[in-house]
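Residue numbers (my numbering), protein chains in the order written: chain Z, 1 to 271; chain X, 1001 to 1271; chain V, 2001 to 2271; chain A, 3001 to 3271.
I should point out that these hints are in silico values taken from the structure, not numbers from a laboratory.
Glycine is no exception: its CB is placed at the ideal position from the N, C-alpha and C atoms.
Some hints here could point you the wrong way.
[Stated by the list, open to error] Cross-link-like lysine-lysine pairs, in silico, DSS-like; alpha carbons within 25 Å at most:
#, chain 1, residue 1, chain 2, residue 2
1, X, K1268, Z, K268
2, Z, K85, V, K2231
3, A, K3231, X, K1231
4, Z, K268, X, K1007
5, A, K3089, V, K2268
6, X, K1085, A, K3231
7, Z, K218, Z, K146
8, A, K3050, A, K3089
9, A, K3098, Z, K143
10, Z, K4, X, K1085
11, V, K2098, X, K1143
12, A, K3218, V, K2195
13, X, K1195, Z, K268
14, Z, K146, A, K3098
15, V, K2218, Z, K98
16, X, K1218, A, K3098
17, V, K2218, Z, K85
18, Z, K98, A, K3146
19, V, K2231, Z, K98
20, A, K3195, V, K2218
21, A, K3089, A, K3007
22, A, K3143, Z, K98
23, V, K2268, Z, K231
[Stated by the list, open to error] Beta-carbon label-pair distances, calculated as ranges:
#, chain 1, residue 1, chain 2, residue 2, range
24, X, D1082, V, R2136, 18 to 28 Å
25, X, P1229, V, T2252, 32 to 42 Å
26, A, H3034, V, Q2210, 42 to 52 Å
27, A, Y3232, X, D1082, 40 to 50 Å
28, X, G1115, A, Y3232, 43 to 53 Å
29, V, S2053, Z, Q148, 30 to 40 Å
30, V, L2271, A, N3058, 23 to 33 Å
31, A, K3032, V, E2233, 24 to 34 Å
The residues making up each chain are set out below.
Number of protein chains: 4
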Amino acid sequence: MAAKNLKVMFIGDVIGTPGLKMVGLMLKGFIKTHQIDFVICNGENAHNGKGLSLDALNQLLEAGVDVVTGGNHTWSNFNFFDTLKTHPKVLRPLNYPKGTYGRGFGIYPLPGGLGNIAVVNLQGRTFMYPIDCPFRTADWVLKQVKDQARFVFVDFHAEATAEKIALGWYLDGRVSALIGTHTHVQTADERILPKGTGYCSDAGMTGPFQSVIGMQTKSATDRMLYQTPHKYECAEDDVHFSAVIVALDAQTGMTVGIQRFFYPEFEKGSL
Amino acid sequence: MAAKNLKVMFIGDVIGTPGLKMVGLMLKGFIKTHQIDFVICNGENAHNGKGLSLDALNQLLEAGVDVVTGGNHTWSNFNFFDTLKTHPKVLRPLNYPKGTYGRGFGIYPLPGGLGNIAVVNLQGRTFMYPIDCPFRTADWVLKQVKDQARFVFVDFHAEATAEKIALGWYLDGRVSALIGTHTHVQTADERILPKGTGYCSDAGMTGPFQSVIGMQTKSATDRMLYQTPHKYECAEDDVHFSAVIVALDAQTGMTVGIQRFFYPEFEKGSL
Amino acid sequence: MAAKNLKVMFIGDVIGTPGLKMVGLMLKGFIKTHQIDFVICNGENAHNGKGLSLDALNQLLEAGVDVVTGGNHTWSNFNFFDTLKTHPKVLRPLNYPKGTYGRGFGIYPLPGGLGNIAVVNLQGRTFMYPIDCPFRTADWVLKQVKDQARFVFVDFHAEATAEKIALGWYLDGRVSALIGTHTHVQTADERILPKGTGYCSDAGMTGPFQSVIGMQTKSATDRMLYQTPHKYECAEDDVHFSAVIVALDAQTGMTVGIQRFFYPEFEKGSL
Amino acid sequence: MAAKNLKVMFIGDVIGTPGLKMVGLMLKGFIKTHQIDFVICNGENAHNGKGLSLDALNQLLEAGVDVVTGGNHTWSNFNFFDTLKTHPKVLRPLNYPKGTYGRGFGIYPLPGGLGNIAVVNLQGRTFMYPIDCPFRTADWVLKQVKDQARFVFVDFHAEATAEKIALGWYLDGRVSALIGTHTHVQTADERILPKGTGYCSDAGMTGPFQSVIGMQTKSATDRMLYQTPHKYECAEDDVHFSAVIVALDAQTGMTVGIQRFFYPEFEKGSL
Ligand SMILES: [Fe+2]
Ligand SMILES: [Fe+2]
Ligand SMILES: [Fe+2]
Ligand SMILES: [Fe+2]
Ligand SMILES: [Fe+2]
Ligand SMILES: [Fe+2]
Ligand SMILES: [Fe+2]
Ligand SMILES: [Fe+2]
Chain Z
1 MAAKNLKVMF
11 IGDVIGTPGL
21 KMVGLMLKGF
31 IKTHQIDFVI
41 CNGENAHNGK
51 GLSLDALNQL
61 LEAGVDVVTG
71 GNHTWSNFNF
81 FDTLKTHPKV
91 LRPLNYPKGT
101 YGRGFGIYPL
111 PGGLGNIAVV
121 NLQGRTFMYP
131 IDCPFRTADW
141 VLKQVKDQAR
151 FVFVDFHAEA
161 TAEKIALGWY
171 LDGRVSALIG
181 THTHVQTADE
191 RILPKGTGYC
201 SDAGMTGPFQ
211 SVIGMQTKSA
221 TDRMLYQTPH
231 KYECAEDDVH
241 FSAVIVALDA
251 QTGMTVGIQR
261 FFYPEFEKGS
271 L
Chain X
1001 MAAKNLKVMF
1011 IGDVIGTPGL
1021 KMVGLMLKGF
1031 IKTHQIDFVI
1041 CNGENAHNGK
1051 GLSLDALNQL
1061 LEAGVDVVTG
1071 GNHTWSNFNF
1081 FDTLKTHPKV
1091 LRPLNYPKGT
1101 YGRGFGIYPL
1111 PGGLGNIAVV
1121 NLQGRTFMYP
1131 IDCPFRTADW
1141 VLKQVKDQAR
1151 FVFVDFHAEA
1161 TAEKIALGWY
1171 LDGRVSALIG
1181 THTHVQTADE
1191 RILPKGTGYC
1201 SDAGMTGPFQ
1211 SVIGMQTKSA
1221 TDRMLYQTPH
1231 KYECAEDDVH
1241 FSAVIVALDA
1251 QTGMTVGIQR
1261 FFYPEFEKGS
1271 L
Chain V
2001 MAAKNLKVMF
2011 IGDVIGTPGL
2021 KMVGLMLKGF
2031 IKTHQIDFVI
2041 CNGENAHNGK
2051 GLSLDALNQL
2061 LEAGVDVVTG
2071 GNHTWSNFNF
2081 FDTLKTHPKV
2091 LRPLNYPKGT
2101 YGRGFGIYPL
2111 PGGLGNIAVV
2121 NLQGRTFMYP
2131 IDCPFRTADW
2141 VLKQVKDQAR
2151 FVFVDFHAEA
2161 TAEKIALGWY
2171 LDGRVSALIG
2181 THTHVQTADE
2191 RILPKGTGYC
2201 SDAGMTGPFQ
2211 SVIGMQTKSA
2221 TDRMLYQTPH
2231 KYECAEDDVH
2241 FSAVIVALDA
2251 QTGMTVGIQR
2261 FFYPEFEKGS
2271 L
Chain A
3001 MAAKNLKVMF
3011 IGDVIGTPGL
3021 KMVGLMLKGF
3031 IKTHQIDFVI
3041 CNGENAHNGK
3051 GLSLDALNQL
3061 LEAGVDVVTG
3071 GNHTWSNFNF
3081 FDTLKTHPKV
3091 LRPLNYPKGT
3101 YGRGFGIYPL
3111 PGGLGNIAVV
3121 NLQGRTFMYP
3131 IDCPFRTADW
3141 VLKQVKDQAR
3151 FVFVDFHAEA
3161 TAEKIALGWY
3171 LDGRVSALIG
3181 THTHVQTADE
3191 RILPKGTGYC
3201 SDAGMTGPFQ
3211 SVIGMQTKSA
3221 TDRMLYQTPH
3231 KYECAEDDVH
3241 FSAVIVALDA
3251 QTGMTVGIQR
3261 FFYPEFEKGS
3271 L
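Model the full assembly from the supplied sequences, consistent with the hints where possible.
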């Protein structure tokens, strides 16, 4: 009998306490309902909206997350650096320069005789920082993991749609799925690329939507109106859960199904 | 008897000849099937992927588009400037500095006794150019149009999700709908904001998806791999039609229904 | 008998305590030796290298400075906002959007029957923030001050040489002098433009040069090597005084002499 | 008897035909007067202000230049790529990603028994492109050249003063001299760093100064006033020659004298 497919849920940037509470409250139910085998979650905003902390990390793991990925805000909380250096379940973008704390990929065992999954965290450069090339870093890491993992999942933390899509094409057929993060807005372009890689430009954010990408609306708007610093304060209300679910073929490792997940739905009325 | 609602289709950035052909082939059918009353279309990439031309503009209008909006690429084709100065159905972002060619908003009559619709084109500044403030320009234009138009539709051409969402909140209850363009990726955050404004961060692109946001994949990837100039060439294959449809209340002008539109669907398999 | 010319010293960005000490120690002597009539000083880095404070402002004024200008870092110290709103001798860039605290120009009486000098603070946008246009703001402010001040001095706080030079040409013959700040490196392009405006792209910094533009070398270099946050710490050693002196004609207000000032000289050896 | 020191002239970005004519007319005289042994020249703007061409390269070499370095504009002229791949006397920044055409350093024989000089071209990333790290690339190239060249000269083509200064400190004592280019404005911070490296943030441009960094003033200003494209046209008038001369010790290779060179002087009047 053929092994069943692997179902992976990838949760977009979790924002502060509201996001952590939502994950704590709902994830186990979603895992059960959707028969999820493995959960990856971007945690770069879990500590009060900026950075990560050991406490926030533990809340995510206890809620059912298997691996926590990061992004540019991983470095925002100086107190997290010791955990970042040593904790096996937290990743930061791999293509930060040599000498940077933490690890950028990991290989994790799967239940049900499915072998291992490699989780790779990369970051874009357009409108961001001039770190190492994500394309070339991807080439490198695939060599490292190919003999050890049947499945390869990439969280590509990037701003520009062009960079995300280009890396999607670059890795089509070479990784199980590549899902983007960082913009905090879920994109509607989830698809299976021609050679079998599941792709979605952004998984969106899990946190308060009565906000500007997680930040209180007034401060965020004042920053734009006046172009002067206004204190970051994490918003609290209208919390939603954003994720993408992929079903990966047990033999080939490639995506056979991809579906966005957003709960609860926004108000859309009817035409 | 109450007047029927107004149904507006907003088509995201049309890319070159493939995009123009798709619009020419399909739009009239969509208008009929979905009972669309008014069609707005972003045309900044209609001329070979960069800028607009009188010929491309005419193709869009003949296909059933009522007003063509623009963005940063409106200025890419120097030969279009005469048309831009005088043609009543083409707009460019209003918040370009005083002295810039063309108009940034227009008031257009509607069928069926629904009065007028104001169409406003604005552009963001984050990761783009330091033009005038889109928030303050929006305040100004709303004073100009409020007595003349029951409906106000905004195309906000911007890169950063934070800027788009902030302007959405800023204009909630003051405009019928605000839909974003420029990233060429449709976002899944369409919603009716609490005070009645229809909102979606990006309508996505209408054009070839065997590409990087419309550009041939190899050139686009080479730009990122080598950081040197590589010629822009418009892609051709896998053309899709991306839009957002809003239903606007005939009395209040506010959104009562919002729906994304993407045709044909991507391959997603099943979970 | 013709009135004597007006001699203005403009001191570039003063960096933290080392910079304040240097100004306190040397300025009165320089004023005497060079027969300076009026001293303007950019203070955006006077408070520990980032922002300004009432205490730092008072140290500058007591040292002999007449007016303190600012830049993007003026907003870095939230505790300074009350002083910024009310103190007549501190300026911030005028072309921040309406509603921003503080004033962007002032008119100050001169000794010796020379009437008034208008001091205008502007900021560039290239590689900085999308504030109001410095060119158009300059047009506006010149109308405000022309009847009240014979001399007009502009501190143009900007990153890009192109923007600085363009504004220099734009204002040639319309202001007494335009001197740049912000890069913390003195430029060797001081000159009298054809219509009489004194110009220099950057006055340089007054502070510790055993540093990277005032910041401790290791932290600054680590930011570049790792692209992660490293705490800003003000450097301390090798303090130099950077300024530009202009002599302005008492009748026309235009520059008749311009000279860079850097003390003590760097080690240059000999050819 | 001790060998005499090596005198190197480094000419800043040569701008189009006016810059080429100035170099052709004056360089041989300057070489003679100042007893220059070796001439390096940044040529990224020699071809009509944007990029390089075989013809412009030959004009520079015939005028007395020994090696021509480049920068971001090296890639602006597609017709130059064949020459760039093969010509031994033209360099482009070394830290462009692997696979990019051309070479980034060269080792050249010196007259008078002085052995070899290595010329290294690097480019910054702040406000520019995310190419490879200039600091790490410098480490790498110094290993390649240390046994073959007594003298190492670096042209660091970069925008941000912080990045230039940081690399200066990073290489102090490890290279003979590091001189910056790209801003087209000569800086007044030439010095000998404590461990013997000659340093200047920017050599300035050799070309028409009735311009905005070489471009016609009206087009350059219109770009800033309107934020729309305006055709680049090379300016023509008020041509100056900008360079930095270093004297390098024959034994240690370190700088024993550094002097800016700007001809003819600007109008400065007198205090
Ligand atoms: Fe995030
Ligand atoms: Fe992020
Ligand atoms: Fe577009
Ligand atoms: Fe655009
Ligand atoms: Fe400063
Ligand atoms: Fe500054
Ligand atoms: Fe240049
Ligand atoms: Fe350059």
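Violated hints - listed by number, lowest first: Failing hints, ascending: 5, 7, 10, 23, 25, 26, 27, 29 and 31.
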